[in-house]
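2 protein chains.
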Amino acid sequence: MLAYQRLIADGHLEARERSGVYSPDAPAGPRPVDPLGSSPGSAKGDGRGFAPPFAPLERVRYRIPPDWQSYRYPFIEGRYDKSLFPIAEWREASRLALAATEVEDWSLDNGEADDEMLIEEIRTKLLPRRGIAARRDEVLITVGEQQALFLASEILAGPGVVAGVENPGLPEMRELLMRRGAEIRGLAIDEAGLIVSEALRNCGLIYLSPSRQRPTGVTLPSSRRAALMAQVRETGAFVIEDDFECELNYFGDAPRALRSMPGGERVVYVASLAKVLAPGVRLGFMVADAPIIAAARRLRDLTTRRPSPNNQRAAAYFLALGHYESMVRRLAAIGEERLIALRDALNHYRPLSIDVAPVQGGTSYWVRGPADLQVEALLEAARARGVLIEPAWPYFLEPSEAGSVFRLGVTSLPAGRIRTGIAELSAAIRALKAVPVEAQPQPLSGDAVLSALSGARLLYNTVYGDPCVIDLHPDGRMSGRAGYANEDRDEGRWWMDGDVWRRQWSRWAYGEAAGFLVSLEGDRLSWLNSEGRRVDGAILTRPEP
Amino acid sequence: MLAYQRLIADGHLEARERSGVYSPDAPAGPRPVDPLGSSPGSAKGDGRGFAPPFAPLERVRYRIPPDWQSYRYPFIEGRYDKSLFPIAEWREASRLALAATEVEDWSLDNGEADDEMLIEEIRTKLLPRRGIAARRDEVLITVGEQQALFLASEILAGPGVVAGVENPGLPEMRELLMRRGAEIRGLAIDEAGLIVSEALRNCGLIYLSPSRQRPTGVTLPSSRRAALMAQVRETGAFVIEDDFECELNYFGDAPRALRSMPGGERVVYVASLAKVLAPGVRLGFMVADAPIIAAARRLRDLTTRRPSPNNQRAAAYFLALGHYESMVRRLAAIGEERLIALRDALNHYRPLSIDVAPVQGGTSYWVRGPADLQVEALLEAARARGVLIEPAWPYFLEPSEAGSVFRLGVTSLPAGRIRTGIAELSAAIRALKAVPVEAQPQPLSGDAVLSALSGARLLYNTVYGDPCVIDLHPDGRMSGRAGYANEDRDEGRWWMDGDVWRRQWSRWAYGEAAGFLVSLEGDRLSWLNSEGRRVDGAILTRPEP
Chain D
1 MLAYQRLIAD GHLEARERSG VYSPDAPAGP RPVDPLGSSP GSAKGDGRGF APPFAPLERV
61 RYRIPPDWQS YRYPFIEGRY DKSLFPIAEW REASRLALAA TEVEDWSLDN GEADDEMLIE
121 EIRTKLLPRR GIAARRDEVL ITVGEQQALF LASEILAGPG VVAGVENPGL PEMRELLMRR
181 GAEIRGLAID EAGLIVSEAL RNCGLIYLSP SRQRPTGVTL PSSRRAALMA QVRETGAFVI
241 EDDFECELNY FGDAPRALRS MPGGERVVYV ASLAKVLAPG VRLGFMVADA PIIAAARRLR
301 DLTTRRPSPN NQRAAAYFLA LGHYESMVRR LAAIGEERLI ALRDALNHYR PLSIDVAPVQ
361 GGTSYWVRGP ADLQVEALLE AARARGVLIE PAWPYFLEPS EAGSVFRLGV TSLPAGRIRT
421 GIAELSAAIR ALKAVPVEAQ PQPLSGDAVL SALSGARLLY NTVYGDPCVI DLHPDGRMSG
481 RAGYANEDRD EGRWWMDGDV WRRQWSRWAY GEAAGFLVSL EGDRLSWLNS EGRRVDGAIL
541 TRPEP
Chain E
1 MLAYQRLIAD GHLEARERSG VYSPDAPAGP RPVDPLGSSP GSAKGDGRGF APPFAPLERV
61 RYRIPPDWQS YRYPFIEGRY DKSLFPIAEW REASRLALAA TEVEDWSLDN GEADDEMLIE
121 EIRTKLLPRR GIAARRDEVL ITVGEQQALF LASEILAGPG VVAGVENPGL PEMRELLMRR
181 GAEIRGLAID EAGLIVSEAL RNCGLIYLSP SRQRPTGVTL PSSRRAALMA QVRETGAFVI
241 EDDFECELNY FGDAPRALRS MPGGERVVYV ASLAKVLAPG VRLGFMVADA PIIAAARRLR
301 DLTTRRPSPN NQRAAAYFLA LGHYESMVRR LAAIGEERLI ALRDALNHYR PLSIDVAPVQ
361 GGTSYWVRGP ADLQVEALLE AARARGVLIE PAWPYFLEPS EAGSVFRLGV TSLPAGRIRT
421 GIAELSAAIR ALKAVPVEAQ PQPLSGDAVL SALSGARLLY NTVYGDPCVI DLHPDGRMSG
481 RAGYANEDRD EGRWWMDGDV WRRQWSRWAY GEAAGFLVSL EGDRLSWLNS EGRRVDGAIL
541 TRPEP
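Chains D and E supply the protein sequences, listed in that same order.
The C-terminal residue of the first sequence carries number 545 in my numbering, and the numbering is unbroken.
The C-terminal residue of the second sequence carries number 545 in my numbering, and the numbering is unbroken.
FYI, nobody ran anything at the bench for these hints, they're computed from the structure.
Incorrect hints may appear among the rest.
Same chains, same label: a pair holds when it works inside one copy or across any pair of copies.
Stated by the list, open to error - Mimicking SDA-like on lysine to any residue, the simulated pairs with C-alpha atoms at most 20 Å apart in a straight line are: (1) 433 - 253; (2) 82 - 348; (3) 125 - 160; (4) 125 - 332; (5) 82 - 229; (6) 433 - 374; (7) 82 - 441; (8) 433 - 199; (9) 125 - 513; (10) 433 - 113; (11) 82 - 514; (12) 433 - 67; (13) 82 - 108; (14) 433 - 195; (15) 433 - 355; (16) 82 - 102; (17) 125 - 322; (18) 125 - 231; (19) 433 - 531; (20) 82 - 100; (21) 82 - 112; (22) 82 - 99; (23) 433 - 63; (24) 433 - 185; (25) 433 - 330; (26) 125 - 381; (27) 433 - 251.
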């Protein structure tokens, strides 16, 4: 069994603003040049743009490239591949909600009230399964689970409140509580989730994810739940219960929700309406005592008003038709198949010595690599092989506590591709451990470059660490998208000049033309200067037609 | 012409927490009994219910009954009657967005990015009409306009910021700014909107609604816009431009948006995607400089994540198909017809001496009654005749400044019903001015009560001022809904005992049985005690089958 205290190596990594985690031992020499100039930094230096005086802090975080689908092995938890969305069922529910009489109903402005049909479906179908009995005035629909967490933080936390959060835990939750001026206290977890100890006694508010601990995926057993609730009844603390993925417990039984236990009147229960509908439809809900729901409703009214009534009605039909029930079963079957495939692959390739947290289900593994593994270096090496993995440091109060831990998720990866993905990841780890041989890249001929790059898509990382996608059209046009919301774009031209590949953007890289030699190793492209030294690189792909 | 300074009478009214506005001269005697016990107050005294420690303040406000559609003459601005929602067009757009390839697209989790098609439609179709040129990274989609106002307040206001707001103005905006710790400064308006004066020089942030001032409906002329922007360029203040109802200027031209004028880089432009889609679909947007949009996007990510991607795509098709364009034309035609009907009716019935603000369009009139008019008394008297009007006091920094002003809106009222509604309102005002003759109500016989009440719906106001709807089923069952979100419900039974109408709720009124005599004048029902004195009343309607 894996104890998370042992899991945490110390001092190998440090966090830097905007840039992620770096080894303090790495040389501090000059940064590589940015031959494509595609960083938003340079693009936005056009003299326009006032910064707001109270911008939220740019949290130190790992951001998944928006084009993660272009990678062959995206082991990214929580991003869903196309096959998981119940297209036919959602269309049926949406069409029912689009009937003329239905539209007349939901298009009316009834103020703050949620869709009655949806509330009833949640009360009578979803909540009883979690052991929760709720009145109508104890349920609130939210814009995804995220809004429920926001509303709960706003009304339960404030200056002077000591808020205990799982460590590692959800970074957004820490940020929400800090914005409220609460004092954050990290609560230790182990292989069974939150450790119920005296440390919790000082907390006026406790946030936890007992069904599937976020991010480790472990499940809090009934005995600890009872101990926690006994303590809460004594101390009078409020609890935010994030019932994440409660349905996907294929290796064990799901214990009762805290909200359903004695003392549950101090619990604000928060859930997503459907893990799979969530990214596209954005509905979640909150269950709590009526005065708390009333306060959350007032705040919801002030900050967004109601979640889309048309989606509320369609979701109600989705539940009423039994699609939710069968989708949960389907998801559980797929999740189980994928998680077992991941476990088998990790077991087979055993990339050096790794440990994984003992999950009872879910869609991810929390993995500890060897103590001297540099996770950031592994991220880069894996990405070069088309493998995306997620580092653990954003989940820790102190990023350096994460040590050599990372997470592998399977929500976006079919079972059949998991084994080869893990094989690639293992190779990347092995290569990292080997002493790097400085191979001299061999520049290609102009003809070879032309045939390799015409119509290609380059996956590139800017010098600031932002992702960037560049399409090289056969007709010599070139288009680029940069930033995590694809919000920065430019157009340009590329052409061959003998063996030299030349390009010119309209805004990026100051709009100046530049040329490089090109070498190619598999799908790893290198740009070389005139001396043949590598100045930067990218991954070469071809967009699907 | 109407000057708002003159409009404001002084000292006749005062605000009380939760209860609205009362005349300080009214007798302070015991409150009437609550024969139906339907107030949430009594229903919630069941020993369960922890209040959250940081509940938002219960703002003193006028709340529209959720069953406003049951009233024959709801002169309520911003609530839309069924005929205004473009059912067929929205269904077409939704169906396109439900095509399998489309669902595959929007159901993927692309992080923080908005729907590209929708951004393009807004950039290329909506914004140019307002004179605004915007890049992709200068537009953000929001959960209705309300979220745009919330995000703008959060990133532009904070402790130490003096925030100027129109007075009268949007109360939610004041509350959002106060939650941020900003110092609120009321900015005077007149018949042309915001008065641009030296008073604005101290403001670091200015919120205004120049296209259609909220709530008076007047339009800020170009000369004042230019003066405001000249001042902003000097002082460096930020501006939140709420471009409410910019399309409905049928009596005049719509001046250019502030965002499009010199100095516009300090303006955060906020709008609803479509006034009529808004209540059912909940989409709005914000246009500002890229760093402001980036900060708002981070905060949106933290508090709700993206607005429903499926609705974003459907709205994109709605725009692409030209439905938005034709809907705006249709809305303008309907709005113009209704506003003229309202003007004509006010002119014809001229309920005593009233003044109205000189609007250039929109869907409401801001009305000043005679100085000694008690607006709260008028609200009650009008409601008894099936007429809902909206008091002006919630819009003022000091509710007492509102004097005898109220608002009449036509978004929920067809033109054909406006004349009779105003006739009823005039009669109510006349009756208020007359010395009340204490007519002795005549109790009905048991048979008459039975036939009048069987299957009836009673619109009732609790002693706390909350609305309540009671359905008296023919089989003797009785069901009640109370509160502004219909969140408090109870079931009971009713029966006749000779001429006495008896009822018993399961929880309300302590679950005790009680009996009353009943009298009926038109649709105005009175409950009488055994001495024949009126103890309470309701409006009798019949629910549509």
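Now the hints, each set against the structure:
1. In the homo-oligomer, the alpha carbons of residue 433 and residue 253 never lie at most 20 Å apart, since the shortest distance is 40 Å inside one protomer and 71 Å across protomers.
2. When the C-alpha separation of residue 82 and residue 348 is checked against a cutoff of 20 Å, the pair qualifies neither within a copy, at 28 Å, nor between copies, at 62 Å.
3. When the C-alpha separation of residue 125 and residue 160 is checked against a cutoff of 20 Å, the pair qualifies neither within a copy, at 39 Å, nor between copies, at 49 Å.
4. Taking identical chains as interchangeable, the C-alpha atoms of residue 125 and residue 332 lie at most 20 Å apart only when both belong to the same chain, with a minimum of 18 Å there against 44 Å between chains.
5. Taking the shortest alpha-carbon separations for residue 82 and residue 229, neither the intra-copy value of 40 Å nor the inter-copy value of 48 Å comes in at or below 20 Å.
6. When the C-alpha separation of residue 433 and residue 374 is checked against a cutoff of 20 Å, the pair qualifies only within one copy, where the shortest distance is 10 Å, while the shortest distance between copies is 83 Å.
7. In this assembly of identical chains, the alpha carbons of residue 82 and residue 441 never lie at most 20 Å apart, being 38 Å within a copy and 69 Å across copies at closest.
8. When the C-alpha separation of residue 433 and residue 199 is checked against a cutoff of 20 Å, the pair qualifies neither within a copy, at 40 Å, nor between copies, at 68 Å.
9. Taking identical chains as interchangeable, the C-alpha atoms of residue 125 and residue 513 are never at most 20 Å apart, the minima being 62 Å within one chain and 34 Å between chains.
10. In the homo-oligomer, the alpha carbons of residue 433 and residue 113 never lie at most 20 Å apart, since the shortest distance is 59 Å inside one protomer and 37 Å across protomers.
11. Taking the shortest alpha-carbon separations for residue 82 and residue 514, neither the intra-copy value of 39 Å nor the inter-copy value of 61 Å comes in at or below 20 Å.
12. Proximity of residue 433 to residue 67 under the C-alpha cut-off of 20 Å is found in neither arrangement, the shortest distances being 29 Å within a copy and 70 Å between copies.
13. Proximity of residue 82 and residue 108 under a CA criterion of 20 Å is satisfied inter-copy only: 7 Å between copies versus 33 Å inside one chain copy.
14. Neither within a single protomer nor between protomers do residue 433 and residue 195 lie at most 20 Å apart by alpha-carbon distance, with minima of 35 Å and 71 Å respectively.
15. Proximity of residue 433 to residue 355 under the C-alpha cut-off of 20 Å is restricted to the intra-copy arrangement: shortest distance 18 Å within a copy versus 83 Å between copies.
16. When the C-alpha separation of residue 82 and residue 102 is checked against a cutoff of 20 Å, the pair qualifies only between copies, where the shortest distance is 11 Å, while the shortest distance within a copy is 29 Å.
17. Taking identical chains as interchangeable, the C-alpha atoms of residue 125 and residue 322 lie at most 20 Å apart only when both belong to the same chain, with a minimum of 10 Å there against 41 Å between chains.
18. Taking the closest pair of Cα atoms, residue 125 and residue 231 never come within 20 Å of each other, the shortest separation being 30 Å inside a single copy and 59 Å across copies.
19. With identical chains, the CA atoms of residue 433 and residue 531 are never at most 20 Å apart, being 29 Å at best within one copy and 96 Å at best between copies.
20. Taking the shortest Cα distances, residue 82 and residue 100 sit within 20 Å of each other only across copies (10 Å), while inside one copy they are farther apart (30 Å).
21. In this assembly of identical chains, the alpha carbons of residue 82 and residue 112 lie at most 20 Å apart only when taken from different copies (18 Å versus 34 Å within one copy).
22. In this assembly of identical chains, residue 82 and residue 99 lie within 20 Å of each other by CA distance solely across copies; the values are 14 Å between and 27 Å within a copy.
23. Proximity of residue 433 and residue 63 under a CA criterion of 20 Å is satisfied in neither setting, with 26 Å inside one chain copy and 67 Å between copies.
24. In the homo-oligomer, the alpha carbons of residue 433 and residue 185 never lie at most 20 Å apart, since the shortest distance is 37 Å inside one protomer and 64 Å across protomers.
25. In this homomeric assembly, residue 433 and residue 330 never come within 20 Å of each other (Cα to Cα): the closest approach is 40 Å inside a single copy and 69 Å across copies.
26. Neither within a single protomer nor between protomers do residue 125 and residue 381 lie at most 20 Å apart by alpha-carbon distance, with minima of 46 Å and 45 Å respectively.
27. Taking the shortest Cα distances, residue 433 and residue 251 never come within 20 Å of each other, neither inside one copy (35 Å) nor across copies (76 Å).
Violated hints, listed in ascending order, are 1, 2, 3, 5, 7, 8, 9, 10, 11, 12, 14, 18, 19, 23, 24, 25, 26 and 27; each of the other numbered hints is respected by the structure.
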